[in-house]
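Between the sequences and the hints, there should be enough to build the whole structure, so can you do that?
Number of protein chains: 4
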Amino acid sequence: MSKIKVAVLGATGAVGQRFVQLLDKHPWFEVTALTGSDRTVGQIYGDACRWVLNEPMPDYVRSMRVVPTEPGLDAAITFSALPSDQAKAIEPAFARAGHGVCSNASSYRMELDVPLLIPEVNPDHTALINVQRRQRHWSGFIATNPNCTSTGFTIAFRPLHDAFGIRRAFVVSMQALSGAGYPGVASLDIVDNVIPYVSGEESKVESEPCKMLGQLNESHVVDASIKISAHTNRVTVIDGHTVCVSLEFDRPIGPREAAQAMADFKAPSIVQTLPSSPRCVIEVRSEADRPQPRKDRDAGKGMTTVVGRVREDPLFHVKFVVLSHNTIRGAAGGSILNAELLVAQGIVS
Amino acid sequence: MSKIKVAVLGATGAVGQRFVQLLDKHPWFEVTALTGSDRTVGQIYGDACRWVLNEPMPDYVRSMRVVPTEPGLDAAITFSALPSDQAKAIEPAFARAGHGVCSNASSYRMELDVPLLIPEVNPDHTALINVQRRQRHWSGFIATNPNCTSTGFTIAFRPLHDAFGIRRAFVVSMQALSGAGYPGVASLDIVDNVIPYVSGEESKVESEPCKMLGQLNESHVVDASIKISAHTNRVTVIDGHTVCVSLEFDRPIGPREAAQAMADFKAPSIVQTLPSSPRCVIEVRSEADRPQPRKDRDAGKGMTTVVGRVREDPLFHVKFVVLSHNTIRGAAGGSILNAELLVAQGIVS
Amino acid sequence: MSKIKVAVLGATGAVGQRFVQLLDKHPWFEVTALTGSDRTVGQIYGDACRWVLNEPMPDYVRSMRVVPTEPGLDAAITFSALPSDQAKAIEPAFARAGHGVCSNASSYRMELDVPLLIPEVNPDHTALINVQRRQRHWSGFIATNPNCTSTGFTIAFRPLHDAFGIRRAFVVSMQALSGAGYPGVASLDIVDNVIPYVSGEESKVESEPCKMLGQLNESHVVDASIKISAHTNRVTVIDGHTVCVSLEFDRPIGPREAAQAMADFKAPSIVQTLPSSPRCVIEVRSEADRPQPRKDRDAGKGMTTVVGRVREDPLFHVKFVVLSHNTIRGAAGGSILNAELLVAQGIVS
Amino acid sequence: MSKIKVAVLGATGAVGQRFVQLLDKHPWFEVTALTGSDRTVGQIYGDACRWVLNEPMPDYVRSMRVVPTEPGLDAAITFSALPSDQAKAIEPAFARAGHGVCSNASSYRMELDVPLLIPEVNPDHTALINVQRRQRHWSGFIATNPNCTSTGFTIAFRPLHDAFGIRRAFVVSMQALSGAGYPGVASLDIVDNVIPYVSGEESKVESEPCKMLGQLNESHVVDASIKISAHTNRVTVIDGHTVCVSLEFDRPIGPREAAQAMADFKAPSIVQTLPSSPRCVIEVRSEADRPQPRKDRDAGKGMTTVVGRVREDPLFHVKFVVLSHNTIRGAAGGSILNAELLVAQGIVS
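Residue numbers (my numbering), protein chains in the order written: chain G, 15 to 363; chain W, 15 to 363; chain Y, 15 to 363; chain P, 15 to 363.
Simulated from the structure, these hints should not be mistaken for lab results.
Hints may contain errors.
Note: identical chains are not told apart, hence a pair may lie in one copy or across any two.
Restricting the straight-line Cα-Cα distance to at most 25 Å, the calculated cross-link-like pairs of lysine to aspartate or glutamate (DMTMM-like) are [to be verified]:
{"hint": "1", "residue 1": "19", "residue 2": "220"}
{"hint": "2", "residue 1": "280", "residue 2": "84"}
{"hint": "3", "residue 1": "17", "residue 2": "88"}
{"hint": "4", "residue 1": "17", "residue 2": "327"}
{"hint": "5", "residue 1": "39", "residue 2": "327"}
{"hint": "6", "residue 1": "315", "residue 2": "99"}
{"hint": "7", "residue 1": "280", "residue 2": "297"}
{"hint": "8", "residue 1": "315", "residue 2": "327"}
{"hint": "9", "residue 1": "315", "residue 2": "52"}
{"hint": "10", "residue 1": "315", "residue 2": "38"}
{"hint": "11", "residue 1": "218", "residue 2": "52"}
{"hint": "12", "residue 1": "241", "residue 2": "125"}
{"hint": "13", "residue 1": "315", "residue 2": "73"}
{"hint": "14", "residue 1": "280", "residue 2": "73"}
{"hint": "15", "residue 1": "218", "residue 2": "176"}
{"hint": "16", "residue 1": "241", "residue 2": "327"}
{"hint": "17", "residue 1": "241", "residue 2": "84"}
Here is the structure:
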């Protein structure tokens with residue numbers, strides 16, 4: 015079987031690099047184009063890109079030439095690592111031109127006819143693509159993955175919401191530096207320090223999960239009626255977002271039931287066979303002091319959500335800690351898994 | 015006027031060193047004794063102590079000889095920097111022998127007849143000392159300061175509770191390394207990492223503020239009926255605990271009113287004149303990204319509580335961030351301020 | 015006595031801020047102007063400047079309006095915190111217009127008629143100012159301070175070179191983040207990492223000390239014939255450059271003699287009375303593991319050079335470690351001390 | 015072919031864990047015993063060991079029971095991760111009892127009849143084992159790997175010394191935290207700091223390379239006549255020692271020739287086929303700012319030595335930077351590679 019051709023839009027940035035790295039030797043996808051800004055167009059990727067990942071730059075991209083971010087690429091799927099202001103204008107142009115856009119940008123996440131997608135959480139929401147195509151007269155489409163901080167705890171919420179109904183949630187993040195891109199956070203701002211603020215983050219974290227946990231209803235999603243309050247913070251960690259969560263359910267639930275529900279959670283069977291799908295969706299740890307970003311972010315090659323410290327909450331019902339790799343599961347890896355789902359569902363071929 | 019003689023119990027540890035440093039050139043107190051463990055007794059302090067503070071060791075202690083931690087020292091006040099297991103047995107012996115014990119240990123904080131004290135919050139709770147002396151037949155006494163994480167947000171809660179009545183509070187800490195003492199947290203555990211766990215911390219943080227904000231009632235304190243849920247975390251910061259807070263009041267209160275109440279807060283006049291009293295009790299900052307530990311921990315020489323990001327909370331009423339220096343305001347400095355209050359109230363002389 | 019009026023050129027950058035902070039309440043100088051780039055001109059400093067120091071912004075500058083970096087300011091001395099490419103063109107214009115320029119920029123350090131100055135090292139080199147004025151027909155002048163890495167070890171070299179004659183020196187630096195300005199080093203580049211490279215640094219470190227330790231000879235300085243090899247590295251430290259040094263002398267010298275010479279070193283008497291002059295020029299420590307940047311950078315308010323681990327070198331004669339505060343002694347503080355010297359010498363009034 | 019049985023002595027410590035991790039699924043070796051201290055003996059490894067590596071504990075060890083560190087284990091090879099004071103007494107007992115001891119401890123490295131071994135550097139030095147057995151009447155033996163800091167640059171020195179003759183070397187290290195074991199360096203000592211001292215390190219770094227680069231001569235090694243001066247420092251890096259090197263050769267050599275010699279270096283063919291042998295022994299990078307520990311330590315699964323910044327030295331001939339993974343190539347991985355060599359040479363079977 016020949017591979018599906020894909021492109022990476024904004025391939026020289028930090029998230030773009032993660033796409034490039036994760037698509038190396040991908041069993042289904044073949045990267046045919048890397049796009050960049052005016053500054054880099056025409057250069058070979060190995061020269062154009064200041065590589066920031068620890069993993070070395072894959073050989074396959076070194077001598078690929080960076081092309082402009084314009085529709086017409088030889089690619090059924092285009093992975094968008096564009097900044098949201100650029101994504102706003104560019105992604106619809108690609109969808110109109112027939113490309114499937116799997117986007118990490120926030121620009122279209124909350125549009126009614128755009129799926130905001132985590133395969134283990136809401137694989138049926140891809141049905142919005144039909145609505146989107148009808149309404150917008152696009153031959154391609156846009157499908158999005160959520161914000162890196164929303165991702166981890168929304169996965170943890172899925173089995174809990176199904177079993178017990180979540181009413182209210184407090185979430186407080188301690189986010190990694192890679193979430194801010196490159197150069198991102200200045201070292202003078204964060205060494206021996208915490209920045210208790212991540213621009214634009216709290217409103218995303220308070221809204222995106224409700225869409226993903228909502229019910230698909232003909233032409234749109236009816237948001238789950240969960241109220242979320244978020245505090246988002248930046249800490250001195252390279253990769254891996256840690257989130258403290260307190261949950262109130264429809265009825266009193268104890269930590270044991272909650273932990274069991276998360277540990278038992280299985281992805282829908284169509285998702286389990288996807289190449290980037292982790293064997294274990296949620297790993298529930300029993301140690302007093304886990305999860306920790308440096309030690310747990312690479313679980314399931316960065317695609318497993320790690321939960322720990324599940325315990326009673328004196329105000330609500332249960333509290334715990336969630337850890338998720340922000341540039342793999344929470345960005346490029348999540349977007350690639352979405353594309354795989356769309357292929358498995360026959361939406362892209 | 016001659017100075018009051020004081021001793022530091024457990025003077026070679028990290029908190030003990032902070033007492034030693036803050037008592038250098040104190041206008042009211044004169045350090046007459048430093049106590050240590052068997053290992054250090056008999057040595058001069060300069061040799062016995064592995065000094066961990068950035069500020070250099072004060073000259074006055076270098077050649078003082080470390081003595082055993084036993085009652086009978088020439089000191090009206092003994093500042094206890096003992097570990098709580100040792101404090102349990104030793105502090106009552108000192109109180110029985112007539113010493114006033116101002117303790118940073120947790121052992122007696124929640125005893126009904128022991129004041130848990132922040133001068134700006136509950137200076138009247140020192141009346142428990144009379145109860146304590148009657149009940150225990152002590153000529154001395156024990157007065158305690160709260161846990162370093164409780165300290166900062168309890169100060170912020172005082173004006174809010176008085177004005178609006180706090181019902182429920184979520185508090186999530188990002189705590190400094192110095193809170194774990196020395197050697198404390200191994201560097202291999204915390205570089206490029208977060209530890210979402212601080213042993214024994216959450217139960218203290220959920221209970222101590224209620225005692226401090228409670229009403230004195232003849233022989234004991236009736237706890238404030240505030241329900242608190244705490245998540246406590248360790249981050250890569252030398253000094254300064256950052257706490258994210260969400261508050262529910264008796265009635266709907268907006269961020270503006272809450273910020274105003276905190277900014278307007280004044281210490282009782284007897285407290286304002288104490289030598290270690292900061293000019294500004296609570297500094298409310300308006301920047302989007304403050305307070306930050308490295309930049310704000312030294313406000314008011316480490317005695318000011320810095321609050322920022324006061325904003326609406328989607329679940330409760332108001333959320334904000336509190337920053338407090340954990341080894342100054344939250345430990346040695348807080349304990350010294352307590353001693354100064356006791357002197358000003360005539361309880362010690 | 016009325017104060018001498020001074021201006022800070024490039025006042026909103028990281029070094030500019032350090033000038034502003036150190037000039038607060040200066041006994042001799044009064045800041046009359048702060049200059050900035052087109053982006054900031056016209057704004058008040060409190061708004062124009064993203065303040066990066068831990069010390070709060072001094073009140074005196076908050077509402078000063080940023081002016082263009084053009085000659086004609088009401089200032090006898092202008093402290094230049096300009097980037098070297100801008101300094102190249104701007105500083106001569108100021109000197110020509112009659113301003114004394116005390117510059118932290120590298121642009122003119124190695125010009126034959128420009129003094130490269132550390133008051134304790136070569137106060138007589140200010141005589142070059144006369145040469146400079148004659149040759150360039152300037153009523154003002156340019157005087158420079160060395161690179162932040164050169165500064166510390168050149169001070170340590172002064173008494174050693176005088177007493178024993180230094181022939182060859184290996185110097186390997188571990189430099190602080192603040193040396194790169196703001197935003198400077200990206201956190202993603204330096205957390206859990208070392209960058210064994212500082213752009214342009216090694217050539218400065220290998221040449222500047224020879225000029226400063228050289229002999230003034232009519233119209234120029236004859237460089238000291240010391241050969242230096244430098245490796246410069248960036249490490250995860252906020253402030254304070256640590257330098258490992260190995261020295262070969264004209265004759266075999268042991269660590270004891272070297273340590274003694276450094277400890278005994280006194281500034282010339284004209285320098286000792288300058289307001290920014292540290293009481294102790296070189297502090298020689300005897301512990302096995304000092305100096306350390308976090309613990310020693312603030313010695314002498316950041317103006318003292320701290321030396322430790324003076325020991326025998328198997329290849330050359332002696333090796334040791336030097337620590338110096340890079341933005342105080344190695345930049346703004348050094349430049350201010352130079353200006354004070356020029357005032358004391360009657361060159362500026 | 016059945017696997018060779020091996021044991022890990024001191025298996026619960028930081029280096030012991032690295033042995034356990036690297037021996038997981040080893041093609042030649044099978045771990046039959048893990049030894050520990052009195053505290054851990056009798057417990058299963060999963061409980062006895064506070065696992066500090068990022069990689070998860072391998073399944074094969076979880077339920078193995080920790081046994082005392084005493085000869086008589088069912089193991090042809092015992093890997094010693096013992097502290098050097100314990101190794102001093104225990105390793106000879108194992109060798110006497112017929113075990114081959116591949117030791118990471120420093121106790122016997124400099125003994126005349128004990129090979130100090132890096133397979134790519136001095137594979138012929140294993141001939142000392144015969145001398146050792148004859149002289150000590152041991153049926154087993156002790157073979158050692160060098161100090162973690164010596165390892166990397168000694169590998170880089172091999173081709174240079176062969177081609178050009180090294181006379182003198184300055185080496186300045188910036189060492190990772192994991193080199194100090196666990197708990198090792200306190201976070202309060204190293205965050206925002208450098209410790210310019212590693213206990214006992216400099217004398218090892220100045221002597222071990224000369225033995226390894228020496229000539230085997232009947233019964234012992236004649237040290238290479240290279241003079242080395244070392245400065246060793248601790249920095250805030252988890253893994254990976256960075257070393258700045260300046261070299262003087264027998265004749266003037268330029269950076270290009272030196273870089274070429276290192277890049278061309280091949281391991282002896284017997285070494286190339288060993289399971290832990292990296293494909294590339296020395297990787298020479300051309301970027302201005304590499305190698306860097308976080309980005310280069312995992313080259314060749316932590317077994318490749320990465321060199322960069324090869325340039326002219328103003329005092330000697332050439333200077334460069336060497337990076338080596340200290341707990342893999344510089345400890346457990348190096349020791350395992352030694353054992354593989356001994357098997358390939360037929361010394362162990």
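>> Run through the hints listed earlier and report the numbers of any the structure violates, in increasing order.
In response: Going through the list in order, the structure violates hints 1, 2, 4, 5, 6, 8, 9, 11, 17 and respects the others.
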